[in-house]
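The task is simple: from the sequences and hints, build the whole structure.
Counting with numbering that gives the first Met the number 0, you get residues 0 to 223 for the letters of the sequence shown.
In short, the hints are calculated from the structure, not lab data.
All residues carry an ideal CB built from backbone N, CA and C; glycine is no exception.
Keep in mind that the hints are not guaranteed to be accurate.
[What the hints assert, rightly or not] Ranges between beta-carbon positions, derived for each pair:
#, residue 1, residue 2, range
1, Gly-84, Gly-140, 20 to 26 Å
2, Trp-137, Leu-208, 35 to 41 Å
3, Leu-121, Arg-169, 18 to 24 Å
4, Arg-39, Tyr-222, 16 to 22 Å
5, Ala-20, Met-214, 18 to 24 Å
6, Val-11, Gly-82, 18 to 24 Å
7, Val-58, Val-160, 50 to 56 Å
8, Trp-137, Met-214, 27 to 33 Å
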Amino acid sequence: MSPLVRGLELPVLGRLLLAVALGAAIGLERELSGKPAGLRTNILICVGAELFTELSVAVATGFLVHDLMRGDPGRIASHIVEGIGFIGAGTILVAGGNVLGLTTAATLWVVAAIGMGVGLHLYVQAVGAAVLVVIVLWVLGRFERRVLPDKAEHVLRVRAVPEIGLEGLRAALAASGLQFEVTGHEHDEEGSAFYFLLRGTAEERDALLRRLAGMEGVASARYV
Numbered sequence: 000m001s002p003l004v005r006g007l008e009l010p011v012l013g014r015l016l017l018a019v020a021l022g023a024a025i026g027l028e029r030e031l032s033g034k035p036a037g038l039r040t041n042i043l044i045c046v047g048a049e050l051f052t053e054l055s056v057a058v059a060t061g062f063l064v065h066d067l068m069r070g071d072p073g074r075i076a077s078h079i080v081e082g083i084g085f086i087g088a089g090t091i092l093v094a095g096g097n098v099l100g101l102t103t104a105a106t107l108w109v110v111a112a113i114g115m116g117v118g119l120h121l122y123v124q125a126v127g128a129a130v131l132v133v134i135v136l137w138v139l140g141r142f143e144r145r146v147l148p149d150k151a152e153h154v155l156r157v158r159a160v161p162e163i164g165l166e167g168l169r170a171a172l173a174a175s176g177l178q179f180e181v182t183g184h185e186h187d188e189e190g191s192a193f194y195f196l197l198r199g200t201a202e203e204r205d206a207l208l209r210r211l212a213g214m215e216g217v218a219s220a221r222y223v
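The following block contains the structure:
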C-alpha cells in the first residue's frame, strides 16, 4: 500500500460516514430524477454493503491460527451481490413489452460495490466510482434527453379515485402533447393506479405532472 493511501485510513465510524456520503451523492440524483430508489435507499444500501464487508473481514480474521487466516473473508461479502439482485429485481418493470428500471437496478448494484470498496479501505476507488456514477446518471442522462427527446421513454404511475377512470386520464395525457400508451392498471379499495408509457420532452412531462396535480380526484402522479 502506498504512503498516500495508507494516510487515508479511517476509523470504523469514518468509513460508515463515507459510505453515507457516497450513497447520498448518488441517491440525491435519483431522488431529483423522481426514481423509486432515491436518497434513503441508496444510502442504506451503501452503508449496509460497507458494514457487511467489515463484518466479513472481522469474522475471518477472528479465526487466525498460527497467523494464517482460516476463515473466508469473501463468504459474507459475496452474498451482498445476491441480496442486491433481489432488490434490483423489484425496481424493474415490464410494461407493454418494454423493460424499464434497468438503470435503477444497475445503480443499486454499483452502489453496493462502492460500499464494499469503503469496507475494504479502498477509498480512492470508492470515491472515484461514485463520481463516475453521478456523471453517468446526471450528465449523460440529461444529454440523452436533450439530444434524443423523442426516444426517451418514461413510465408514469397515476393513482386516482374510481370516478375519474381511465378515460379522464387519457384526456389529460392527450392534451399534454406526449405520445403515450396504457401499460397496466391496479385496483384496490382506495382507488385505481394506472401506468402509462410516455415519450416526449422533459418540459412536456413536467407540464403533465402539474396538470395532473391540479385534477380533482388524482391522489398522486409520479414517474417510476
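Structure-based check of each hint:
{"no.": "1", "hint": "Gly-84 to Gly-140: 20 to 26 Å", "verdict": "holds (23 Å)"}
{"no.": "2", "hint": "Trp-137 to Leu-208: 35 to 41 Å", "verdict": "violated (20 Å)"}
{"no.": "3", "hint": "Leu-121 to Arg-169: 18 to 24 Å", "verdict": "violated (51 Å)"}
{"no.": "4", "hint": "Arg-39 to Tyr-222: 16 to 22 Å", "verdict": "holds (18 Å)"}
{"no.": "5", "hint": "Ala-20 to Met-214: 18 to 24 Å", "verdict": "violated (39 Å)"}
{"no.": "6", "hint": "Val-11 to Gly-82: 18 to 24 Å", "verdict": "holds (21 Å)"}
{"no.": "7", "hint": "Val-58 to Val-160: 50 to 56 Å", "verdict": "holds (53 Å)"}
{"no.": "8", "hint": "Trp-137 to Met-214: 27 to 33 Å", "verdict": "holds (31 Å)"}
Violation of the numbered hints given earlier is confined to hints 2, 3, 5; the remaining hints are satisfied by the structure.
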